[in-house]
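Trainee: The lines below spell out each chain.
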Amino acid sequence: MSPSEAAPVLRHQADGFALSAVGVSAGYGGGRRSRDVLHDIDLSVPAGQTLGIVGESGSGKSTLARALVGQLRPSAGKILLGDVEISALRGRRLRENRRRIQLIPQDPYASLDPRMTIRRALYEAIDPQGRRPAQAAARISELLATVSLDPDVASRYPHEFSGGQRQRIAIARALAVQPEVIIADEVTSALDSSVQAEVLNLLRSIQARTAITMLFITHDLSVANYMCDEVAVLYLGRLVEKGSSRLLFSPDHPYTRRLVDSIPNPRAGLSGLSAPEITGGEGADPANPPAGCAFHPRCPNGPRLRDDRERCITERPELLPRWDDTGDGDHRSAACHFPLSEVRAGLGD
Amino acid sequence: MTSIIPASAHGAPGGGAAVAPRVRGGAPWSAFLLRRLGGVAVLVAVLVLMTFLIVRLVPGDPARNLVGLTASTEQLQAVRSQLGLEDSLGQQLVNYVGNLVSGGLGDSFVTSQPVSRLLGERLPVTAELAGLALAIVIVVGFPAGMGMAAWQHKRRVRWGDSAFTTVTSLGGAMPEYVTGTVLIYLFALKFDLLPAQGGAAPSEIILPALSVAFAPMAIFARLVRNETSAVLGKEYITTAVSKRLPSWRLYLTHVLPNVVTSTLTLGGLLLVALLGGTVITENVFNVPGIGTAVVNAILQSDYPVIQGIILVLGLLAIAITFAVDIVLGLVDPRTVSAVRSQ
Amino acid sequence: MTTSKRRKPFALWLGAALLLALSVLAVVAPIIWGDSAAALSSEVRGGPSAEHLLGTDPLGRDVLDRTLVAARLTLAMAAVTTLIAVGGGIVLGATIVVAGRRVRGLGERLIDLMIAYPPIIVALSITAIFRPSVGSVVVAIGLAFVPQFARLTNTLASSVSSKDYVVVARLVGLRPTRLLFRHVIPNLAGPLLVLTSVGFASAIITLSGLSFIGLGVQEPSYDWGRLLAQALQDLGVNPIEAFGPGIAILITGLAAGLLGDGLNQFLDPRGPVRRRRRRRAATSGGADARTPHAALLAPAPDAVVSVRDLTIAASPESVGAPLVRGVSLDVRAGEILGIVGESGSGKSLTAMAIARLLAPGLHWSAETLSINGADVSDAREQTPVRLATDVGVVFQDPSSCFNPARHVGPQITEVARVHQGLSKRAANELAIERLREARVSSPEVRMRQYPHELSGGMRQRAMIAMALLTSPSLLIADEPTTALDVTVQADVLQLLHRISTTRNMAIVLISHDIKVVSTLCHRVCVMYAGRIVEELTVEDLREGRVCHPYTRALLDAAPRLEPSARQVPLIPLPGRPPQPDQPIVGCAFADRCPLVTDRCRQEDPALRALPRGGVAACHVSTGPLEDLLVTQ
Ligand SMILES: Nc1ncnc2c1ncn2[C@@H]1O[C@H](COP(=O)(O)OP(=O)(O)O)[C@@H](O)[C@H]1O
Ligand code: SF4
Ligand code: SF4
Ligand SMILES: [Mg+2]
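In the order they appear, the protein sequences are chains A, B and C. Just so you know, numbering that gives the first Met the number 0 puts 133 at position 134 of the first sequence, and the rest follows in order with no gaps. Just so you know, numbering that gives the first Met the number 0 puts 214 at position 215 of the second sequence, and the rest follows in order with no gaps. Just so you know, numbering that gives the first Met the number 0 puts 195 at position 196 of the third sequence, and the rest follows in order with no gaps.
Honestly, the hints are just simulated from the structure, not real lab data. Glycine included, each C-beta is placed from N, C-alpha and C at the ideal position.
A few chain A residues that face chain C, going by a derived Cβ cut-off under 7 Å, partial list only: (1) ARG97; (2) ARG98; (3) ALA196; (4) SER221.
Isolated chain A (complex conformation) (with noise of 0.2 Å):
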């Protein structure tokens, strides 16, 4: 190994990530017909902290768990996992590290074998050999527990279960095999507003306590703000914001700050809501984004409202580090040419 590729790994042991990802790439549909959907993405969660993974449908959130997990191949970068590169790994090897990384799928009723009582799924998650089907009984009831759901469910099936109650089961599912970092997709926009409450106060209760690495993945930010101790903004395949969550109330990249708007705010009514954007360039495809800033065809700072910005045309903007105007000290980065902290900080309007 060349000292410029251990490098990461180095700095991703160094500063106690447990997940990190380097220039990673990925997509759909081999050989020739491959097509990048995701795009060089960086990212490092530290240890015990939840990271947000935020941005619209088909902006390659799922794509990134994907290959988080290790179910998808990238195509270019790496994995890192605690101290080693699982993105490298094959077979046997593979098999092992992979129960430390585990997903919960979004779907509650798609996540859970329907012809498997609780009970086995559960033991199939903490004992994949089936070796000791003896210790695991207490083992299951407690884990039961955590998620507030009685030992006595454990004999039932998933269809006699609702929404919620089976979400609890996938999360008490990732649970049993103790792994070091859990991957939430969109846990709860499946379910009612209700319901979701209990499993975010669920899922944050657990991370409180056992000071697990958490992945959140949620297209909705007033759940991320709720979740998580630092975002990462995805848009068409490309990281265009990271940082402490606090982000979220004085974003830098315009297409932050349209998400942030976009959520409805009953205190402010609808002038809370930002002005509805510049028609045309919604549904781009993240395997053919627009060149330089992909973001331009909509970006309302962007070449299409002013004049002067064809900079974001011609050239990407790469993720640079940011300097914070809130105060907090937080460090954060951006891909935008024109920040909206320098627009803040006087230049602009």
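Given the structure of chain A, go ahead and fit chains B and C with the ligands onto it with the hints provided.
Mentor: Just chains B and C with the ligands, lined up with the frame of chain A:
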């Protein structure tokens, strides 16, 4: 001959299109056609190879089997050359394909007639039979299925669905040779209304066509019923209902195209299966079509005739499948653009 | 939690019993009747008699005995054929799924192509090669069916192996073989069993067919097909001869088909499950009496929509246990009324009833249902055509609201063309104008596109344009933004707001998201278990001056985008709303309510004006519940 056709086509192109890619320009149609034509080419090639192999795969020496053990070497050689068995396998294939391209299918061993003449005489009869049967299947099955679904949608009679299912399962389980036997008994022997002998004349073709059509008609009606109920439950039908259109317009412009789309995929298989039914039924009524010819040819080891007929049957099936695909592309725009994303 | 007993369908029992009886027959028949079936007699082609129930054949043999004896050969052939067809199909189909990506794509295409050949071609070719015999016909038909089974197996297996639970099991560290045996195969077993019985039915019919035309079993062996062929020869003399073999083939084919159908129904999770008829215990508080809410509302002559005492039930028998119970509301011109509540609370049913779009089969009644002053409350009457132009409807999922087989344009213009007799040109111009109003980019192009060529947000805007086409006085929007991204949702909400002000239009907006309704609406009705439990102005809602514990709970459970939100834990709403088949006695919210008292469990609270202000259906609350936690 029945075919294994599931009762519903959900998940086929008729299902909901998720995020279909946006299509620009007119390229998708040519891509779609090209892909389909490629499929046809492969199918024809496999078919030709299959008929070619029929003679070559016969255990032992087919020529010897034909002429018998007592025949002279000259006779044997003559048959060998007629079968084209003298050259190397590759050369044989080249000759075979070459003959096919120039329209030569060889001569029958039994009658010494050119196979093409036999086909010319018999194919029209078979085509008429299959065509009439197809017409019956569609003309009866489609309205019956759609009407049933529409009626159930409106009235929801509790026994309605199970009665329909029972009747169509019973009907669909009737093999054509049993139907044919019953029809001959009733209409030819008991009441003497129609001849038991089939042929090309209108009176001679009714009973055979009914025999071929009977079971597929029931299966088709059931398929159409299921698809129509599924379409009637779709949200875009609620949208259409909110427009308070006259019912004929609702059914004609909103229900029908979508039912046709989802029915065609499986209906195409059913059409192809009709060919098998025709072959068998011809033998029940002794219809002078290619179905009776092929059975006689097999019993007499008349290889050129066997090859010719199987080739023609196969080409017919391929043509039907291709036509169904094209119609599907015409009625369902998503089929065409889906080629891109594949 | 619902527990449901699966009912074993009748078809399953009947099919299995018949097949079992037939197998027993196949084993014992040749032993018992073997000799008598071969015995010649002088009674040639005899009709039915006491000695020969089904008559005799040209050699004077007993047809009934021969039919019974033939069961063994026929069924054995069918069994082996099925084994070849299904076994070959499964192996081929599964191999393709397991194989690498390239092999897989190629294999799937090949199978797709092979299906184009009718099985008869393969069967004829193989019998031509090997000469007609028992062996060749079995192999022929077995092979002929392989592609169809391979395709079905392939489709099934790939759908199972891409399921989330398989993905998750792999992450847990299951070895591929274990994954296959534990998750994939058990979930395939059912459908494959169905396939096998369908295959058996096809095999028996096809085999007998080939024997019938002389390409199958040869003399002196006989199966049912041969017997039937002989009977056809004798049909003029001795029609009864055909009865035995004909019925035998039919029954066997049918039995296997029934077994398949039955298994299919039995294994389908959505299939007929034994469920008691939905029935709620009669609601206390009286479904018969006029609900007080209707009395509470003053008559509103200026209302665009006026509803009093709307009740919807799933069937005539369950009118005493309705899905929607006594809903009353008014919407005035220029007003946006929000209806909010959890899923299943009856929001959509209410909205659809107002638009007179309830699914057939639902039973509803209303004391008043008037739109623009016209009374449309008679459920038996044909819906007045003017509702098409007076009421516009927008649904949740824009991807399924447009007819996928037609261009967008004609769908948008349809109402104006049909009901207002507009020319194509005029209608198109109108449609383009509306599309522009709904902020659809390049409307002329969209008109000529298919729905699937538009993005989700674009489709929803086009849907709104379609609803607005005839300038209706009422727009009903059922969860119009739920399927959309937040950015698109914001645009659509603003669009709806602009429409209501510029067109002075009445809008009913339905959402499960209390933040959405409180952002856009003027007035809000909160629904729970089929009733309106609180009605309030949006100012009260925004300020949190809500009176019903359920409304309070909805607010407390919704995360907010505020810097302090992380520090204030959300308060989840425990439990679930009552299920439709669950009896409701007293207040439907009692099981989840922090303020519940004994009275709540006995008496259904009426919607009433509370002493300290507000309108809510609660025994305990006296006014705004600013802080439920403190009250607790
Ligand atoms: N066509 C129907 N037949 C029987 N029950 C129905 C039908 N449609 C809805 N329901 C039932 O009515 C209740 C309310 O449903 P719905 O109006 O869809 O609620 P919401 O709009 O709040 O999601 C639910 O229990 C649902 O199962
Ligand atoms: S780089 Fe330009 S177009 Fe992109 S977000 Fe920044 S200002 Fe907008
Ligand atoms: S009536 Fe009783 S149970 Fe119902 S909401 Fe009021 S306090 Fe709660
Ligand atoms: Mg709803």
